[in-house]
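I would like the entire structure built from these sequences, with the hints used as guidance.
Number of protein chains: 2
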Amino acid sequence: MGEHIVTSFDQELGEIDRLIRRMSELAGQMISAATAALLGSDMAAAQRVISDDTLMDASQRDLDERVITLIAKRQPMAQDLRTVVGALRMAADLERIGDLAKNVAKRVGAVGEAASPRTLSHSIETMAQMVMEQLDETIEAYVGRRPDDLAALRAGDEKIDVKYTAIFRELLTYMMEDPRNITACTHLLFCAKNLERIGDHATNIAENGYFMITGQQLPLQRPKTDETVALRGA
Amino acid sequence: MGEHIVTSFDQELGEIDRLIRRMSELAGQMISAATAALLGSDMAAAQRVISDDTLMDASQRDLDERVITLIAKRQPMAQDLRTVVGALRMAADLERIGDLAKNVAKRVGAVGEAASPRTLSHSIETMAQMVMEQLDETIEAYVGRRPDDLAALRAGDEKIDVKYTAIFRELLTYMMEDPRNITACTHLLFCAKNLERIGDHATNIAENGYFMITGQQLPLQRPKTDETVALRGA
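Here the protein sequences line up with chains A and B, keeping their order. Just so you know, the numbering used here puts 135 at position 124 of the first sequence, and the rest follows in order with no gaps. Just so you know, the numbering used here puts 183 at position 172 of the second sequence, and the rest follows in order with no gaps.
Note: identical chains are not told apart, hence a pair may lie in one copy or across any two.
EDC-like cross-link-like pairs, simulated, lysine to aspartate or glutamate; straight-line CA separation at most 20 Å:
(1) Lys204 with Asp110
(2) Lys204 with Glu238
(3) Lys170 with Glu238
(4) Lys204 with Asp237
(5) Lys170 with Asp147
(6) Lys84 with Glu26
What the hints contain is simulated information worked out from the structure, not anything from laboratory work.
Laid out in structure tokens, this is it:
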């Protein structure tokens with residue numbers, strides 16, 4: 012009987028994992044499409060990303076409802092409860108990632124076809140790629156129940172932060188060179204910041220996933236730093 | 012017996028309310044101190060805000076643990092569960108508000124004693140004040156179980172967004188006037204954006220609190236918009 016309950020619980024947890032993976036796939040598509048729309052000044056593509064965010068919100072509500080039903084039906088004990096509550100947090104991080112991708116899409120019109128140098132476009136594209144890989148690997152490591160990989164993935168976020176700092180400096184330089192660049196570069200600055208925040212949420216997911224699998228907090232939580240907050244001058 | 016359980020549940024929910032109010036008070040102090048530190052270039056005060064954030068993180072962990080213990084002990088049914096899960100969300104919003112205030116404090120050094128015009132300082136101070144009132148009134152309406160007030164409070168966030176848009180335009184103007192202002196103004200832009208985000212989190216808290224009290228979603232969720240995403244030129 013106890014065995015049966017545990018199995019059903021695990022099955023339902025597996026169902027929740029599938030929803031998490033689906034949210035993560037949608038988030039990845041949104042990041043990719045928003046970045047492409049930004050760099051190609053594609054307003055129609057940007058609009059599709061903005062619409063996709065409602066799917067993301069609906070997925071989070073689905074997942075929340077499923078978790079609440081699971082708790083009410085199975086009445087899991089403390090450790091299992093922590094795991095299930097962790098799923099709510101993971102869904103919240105994924106929903107927020109969708110929001111951040113949507114925000115990048117919303118800036119496509121304001122950035123316009125500003126003659127952003129090729130090196131800058133390349134930097135933003137690279138950063139978006141890093142962020143998508145980070146998210147994808149994190150979710151796969153969580154769904155595959157590989158806590159050591161989740162612990163190792165935190166190092167990936169540091170590389171994203173370094174990239175963000177480089178882009179931040181680059182953008183300040185363009186603004187100083189020509190004041191006509193200021194508005195577009197300001198929006199690009201927020202876009203880069205959004206990508207950096209997505210990396211932070213992937214780190215949250217890794218730490219949370221580690222806790223859900225092992226019941227332990229990851230030792231020495233890496234501080235989520237934005238090095239640019241201390242940059243004076245460019 | 013049923014009566015007794017309900018009463019204990021409500022008592023423990025009251026205990027959770029007290030923790031939420033304490034987190035909100037700390038968040039308000041952090042916003043106030045971070046803004047004062049920013050406008051007065053007070054590095055020591057900024058450092059205290061940064062330290063306070065660890066208290067905020069600890070409070071969230073406390074609250075999460077208390078909620079998990081409450082669920083495990085009382086095994087509440089679906090509607091009560093939704094309320095309790097709502098408390099987890101509220102704590103997450105408050106923790107994030109603390110993070111955003113900390114981020115303002117971290118930028119104090121980078122903004123430096125940039126000769127920011129008096130009108131700009133005044134605008135930022137006013138915006139911080141609006142945000143603090145919004146948060147405080149929201150938490151009081153929630154703790155006082157006044158759902159109509161929570162519904163009404165959403166209008167307050169629109170005023171904050173209007174203020175943010177004005178500050179955004181003002182900052183772009185200073186950058187264009189003198190490129191030497193660019194770095195400091197960029198950091199101030201992120202500070203203003205953080206205040207705007209705090210307003211969004213207060214709105215989340217109002218909507219979530221309304222749901223916790225009434226079991227109903229607020230009709231026609233006000234879209235959390237950042238009007239500046241579409242601003243081309245200043």
